[in-house]
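Q: Build out the structure end to end from the sequences listed, making use of the hints.
Just so you know, the sequences run in chain order A and B.
Read in order, the letters of the first sequence correspond to residues 1 to 162 in our numbering.
Read in order, the letters of the second sequence correspond to residues 1 to 727 in our numbering.
Calculated directly from the structure, the hints in this document are not laboratory data.
Be careful, since some hints might not be right.
[To be verified] Just so you have them, the derived chain B footprint on chain A, three or more residues with Cβ under 8 Å: (1) 21 to 29; (2) 55 to 67; (3) 126 to 134.
The beta-carbon is built from N, C-alpha and C at its ideal position, and this holds for glycine as well.
So you can see what is in the structure, the chains are spelled out below.
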Amino acid sequence: MSQGKFALTINRKPVSVTTDADKPLLWVLREELKMPGTKFGCGQGLCGACTVLLDGQAVRSCQTPVSAAAGHKITTIEGATALPQGAKLVDMWREIDVPQCGYCQAGQILSATALLLANPKPSDEEIDAGMNGNLCRCATYLRIRRAIRKAAELADVTGDAA
Amino acid sequence: MSAVIDRRGFMAASLVGAGALAFEARIALAETPGAVPLNAFIRIGADNKVIIGSKNPEIGQGIRTMLPMLIAEELDLSWDQVVIEPTLANDKIYGVQSAGGSNSTPNNWLPMRQVGAAARAMILSAAAKEWGVGAASLTTAAGKVSHAASGRTAPYAAFARGAAGETAPDLAKVALKDPSRFSIIGQSKIGVDTVAITQGKPLFGIDVDMPGLIHGAIIKAPAHGATIASHDAGTALKRKGVIAVVPVNSNSVAPGKFDTLVVVADSWWTAKNAREAVKVTWDDAAQQGFSTEAYDKGAAAAFAAGPQIAHAKNGDVAKALAGAAKTITADYSYPFLAHGTLEPQNCTGRWADGKLEIWAPSQAPNNGRNDTAAMLGIKGEDITIHQTRIGGGFGRRLINDYMVMVAQVAKALPGKPVKILFDRTDDLRHDYYRPAGWHRFTAGLDAKGDLVAFRDHFVSFGKDGKPIRAAEMSPFEFPVNVLADSEIGITYLPTNLATGWLRAPTSNAVSFVYQSFMDEIAQAAGIDLPELMRRTLGAPRDLAVVPGRPVLHSGRARAVIEGVCKMANWQGGKLTPGPKGEKRGRGFGFYFSHRGYFAEVVDITITEGNNVRVDKVWACGDIGSQIINPINARHQVQGAVNEGLGQGMVEQKIEQVKGVVQAESFGDFPLIRIEQVPREIAVQFLKTDYPPTGLGEPSLPPVIPALANAIFAATGQRLRQLPLKLA
Ligand code: FES
Ligand code: FES
Numbered sequence: 001m002s003q004g005k006f007a008l009t010i011n012r013k014p015v016s017v018t019t020d021a022d023k024p025l026l027w028v029l030r031e032e033l034k035m036p037g038t039k040f041g042c043g044q045g046l047c048g049a050c051t052v053l054l055d056g057q058a059v060r061s062c063q064t065p066v067s068a069a070a071g072h073k074i075t076t077i078e079g080a081t082a083l084p085q086g087a088k089l090v091d092m093w094r095e096i097d098v099p100q101c102g103y104c105q106a107g108q109i110l111s112a113t114a115l116l117l118a119n120p121k122p123s124d125e126e127i128d129a130g131m132n133g134n135l136c137r138c139a140t141y142l143r144i145r146r147a148i149r150k151a152a153e154l155a156d157v158t159g160d161a162a
Numbered sequence: 001m002s003a004v005i006d007r008r009g010f011m012a013a014s015l016v017g018a019g020a021l022a023f024e025a026r027i028a029l030a031e032t033p034g035a036v037p038l039n040a041f042i043r044i045g046a047d048n049k050v051i052i053g054s055k056n057p058e059i060g061q062g063i064r065t066m067l068p069m070l071i072a073e074e075l076d077l078s079w080d081q082v083v084i085e086p087t088l089a090n091d092k093i094y095g096v097q098s099a100g101g102s103n104s105t106p107n108n109w110l111p112m113r114q115v116g117a118a119a120r121a122m123i124l125s126a127a128a129k130e131w132g133v134g135a136a137s138l139t140t141a142a143g144k145v146s147h148a149a150s151g152r153t154a155p156y157a158a159f160a161r162g163a164a165g166e167t168a169p170d171l172a173k174v175a176l177k178d179p180s181r182f183s184i185i186g187q188s189k190i191g192v193d194t195v196a197i198t199q200g201k202p203l204f205g206i207d208v209d210m211p212g213l214i215h216g217a218i219i220k221a222p223a224h225g226a227t228i229a230s231h232d233a234g235t236a237l238k239r240k241g242v243i244a245v246v247p248v249n250s251n252s253v254a255p256g257k258f259d260t261l262v263v264v265a266d267s268w269w270t271a272k273n274a275r276e277a278v279k280v281t282w283d284d285a286a287q288q289g290f291s292t293e294a295y296d297k298g299a300a301a302a303f304a305a306g307p308q309i310a311h312a313k314n315g316d317v318a319k320a321l322a323g324a325a326k327t328i329t330a331d332y333s334y335p336f337l338a339h340g341t342l343e344p345q346n347c348t349g350r351w352a353d354g355k356l357e358i359w360a361p362s363q364a365p366n367n368g369r370n371d372t373a374a375m376l377g378i379k380g381e382d383i384t385i386h387q388t389r390i391g392g393g394f395g396r397r398l399i400n401d402y403m404v405m406v407a408q409v410a411k412a413l414p415g416k417p418v419k420i421l422f423d424r425t426d427d428l429r430h431d432y433y434r435p436a437g438w439h440r441f442t443a444g445l446d447a448k449g450d451l452v453a454f455r456d457h458f459v460s461f462g463k464d465g466k467p468i469r470a471a472e473m474s475p476f477e478f479p480v481n482v483l484a485d486s487e488i489g490i491t492y493l494p495t496n497l498a499t500g501w502l503r504a505p506t507s508n509a510v511s512f513v514y515q516s517f518m519d520e521i522a523q524a525a526g527i528d529l530p531e532l533m534r535r536t537l538g539a540p541r542d543l544a545v546v547p548g549r550p551v552l553h554s555g556r557a558r559a560v561i562e563g564v565c566k567m568a569n570w571q572g573g574k575l576t577p578g579p580k581g582e583k584r585g586r587g588f589g590f591y592f593s594h595r596g597y598f599a600e601v602v603d604i605t606i607t608e609g610n611n612v613r614v615d616k617v618w619a620c621g622d623i624g625s626q627i628i629n630p631i632n633a634r635h636q637v638q639g640a641v642n643e644g645l646g647q648g649m650v651e652q653k654i655e656q657v658k659g660v661v662q663a664e665s666f667g668d669f670p671l672i673r674i675e676q677v678p679r680e681i682a683v684q685f686l687k688t689d690y691p692p693t694g695l696g697e698p699s700l701p702p703v704i705p706a707l708a709n710a711i712f713a714a715t716g717q718r719l720r721q722l723p724l725k726l727a
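A: See the structure below:
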């Protein structure tokens, strides 16, 4: 495997890593940069647990070789609140206690951030479509919808209420 | 181990947080220097923060938040002074520490409160001595002691050292608060780790890290039960970063045999890739004959031959059926299911000086200690187990194969901390599956339309006339337990698959078949299912005293049935079509499991392409006198309802060819996604005069038949097989 030195910008900080060019960004983050917030769920692009932002777009870091991430602005859960959309979402995530086990939530928050960056006032259908690639095995989906609506300052929904 | 915390455990002060790694101690230790331990659960900091040890595994059910609420309530703390940290797994100190059977609430409701009340009593006696007044003249609130007569008030911290020297009162005799005085119990508390989760902090087993950590990827026999015939790791070991290839026994093959190779490297990515360079031949002749097709044939043959075993036999069903005005028969079935926890199975271990240290995302860590000690031939007390947060359990992590395996690797590589991690395919193919099952029903109605005869031939998996793990069913299943003429017969088929408990085990499947068939009976009787349930449950009384099992009280059952009918304004299953003429329907289901009563109603629309869209679900439950953490209770029900809908609607099934599970990932073993869940799940709890019971499981089972019954109401199609598929 070809080794290389890669200059990455993660959460606005420059970092450089020497590693295999095809090692997925997910494992570079977790193993080499000791940033375990980004999660491994399937390694096959099917669950979204590993979602990070690349120049504001949600990508699956398990499917993104480190070489492809070099030169782009990477945002992970550890730096999500530096974006105003991320900060609002995180506030709502805490206020309504979205997580159950919590394992999927880093990926959910970053997908939601990408959604609001692209579409500040998404409809219910747009929220579902934007979040459909992120599995939550605990099925916290009603609260994910609600947190996104609240972060986007849309009318609260009753679906989660007692 | 009894659920009761004994005095020795209560006083084993030094064990909370002992040896905790930085990742576990992230909140507590740093912020509370010089905290004084009062007992195994409680330390008081100089800043009057109170660190409460939370003893049970957290899988997303909220227990890590809830158990400290019980302690804090009786200790009279304000919630914002509480700092929660997980305890070690050690049942000698903490009693039962497992996340299973929805048992944590009933088992800890009193003991955890007693721990808090006893600590409060110790603080009071220390304060009384310090101030030279009678303990009875002191009051407590928000972590402070007050003496009204002299106007003195001081934080608990002022008496912590004194309190630590006091003799602990008898836990069983310590006075507890009257519920009317609760100020923490019954108030919604956000999850203890919610903030850390949104910060991406290391919390989970997969996040465990420490200097020198090495990583293992597994190669497990594709056919369950097969063993390694021979292997050659030569090429793999030449790869850069690869450290060792260690044969281990996952605890499912005979002692001395191995069924798994662990490829160990300096990174998991390297280890995972190096697996392709390992050559292995398997001894799997005995597993070749097992397949989904063979099971289906076996079930058909069993139905033709009749049951092997009379499981329940009341009266004379044959005679009652012969005399019935109407008989109904139907065959139902459901597949094997994997758990698909989003965090794949993993575990970290380190062997040094004849002792083992483990960091485990396990739902039953003390069982893991026993299994591991037996496998390594060491003493249980030579194993220290740290509990990590767990990225989903659902019963998968009641089995400790990952702990047993990592222990063998750690022992083979002494001094080196090692973490093993399954990839997604490993995780789906080497699960302990919810067993498949088949039911052939016959029921008889009399001329009035009352249910008078009931027969179930259940085909399941077993050996030597006994069910394998999680493949059993109760001989007192409703309505068998209320009818004079009723029976259950069983045939057990062989399988090589390892089976296990999936959230609401047995109930998740049995509820679907029983409540769907009851809906068929109701249709035949010209009534609806809630009405049939009312009639069949009869007068309020205790039903079916199964030794060692909870009792179903028909009055509580009827109350939640009335409750959900009111919530949903139930008028039967017919709904007016949607705006574009779409067919719509409504279904009902009731189930009692894990001491909890739930009745649920599901509204659906049949959308373009013959797809089912779930519009709304109503759930009415009775889990006793107190909802301890209301926000979490609601979330548990919503999660369980969505999970049940997933089992019904999504193409979820585990299939097997030549002994080997075929599922590879979330493509062929899908989980329910956000687009598929309803807009609204309304939840209501009926408070009754019974001790509080658990909520992880009982709200799941009824939603599956409610969905199937709604599909029938909308389309006239009776779907008798999971996953549900419209023709
Ligand atoms: S881990 Fe990347 S999509 Fe599942
Ligand atoms: S909160 Fe558990 S997977 Fe989403």
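Q: All hints are to be evaluated individually against the structure, with a verdict given for each.
A: Here is what the structure says about each hint:
1. 21 to 29: Since three or more residues must qualify, the claim that chain B covers the segment 21 to 29 of chain A holds, with 3 doing so at under 8 Å.
2. 55 to 67: violated (count 0)
3. 126 to 134: holds (count 6)
Violated hint for the displayed structure: number 2, the only one.
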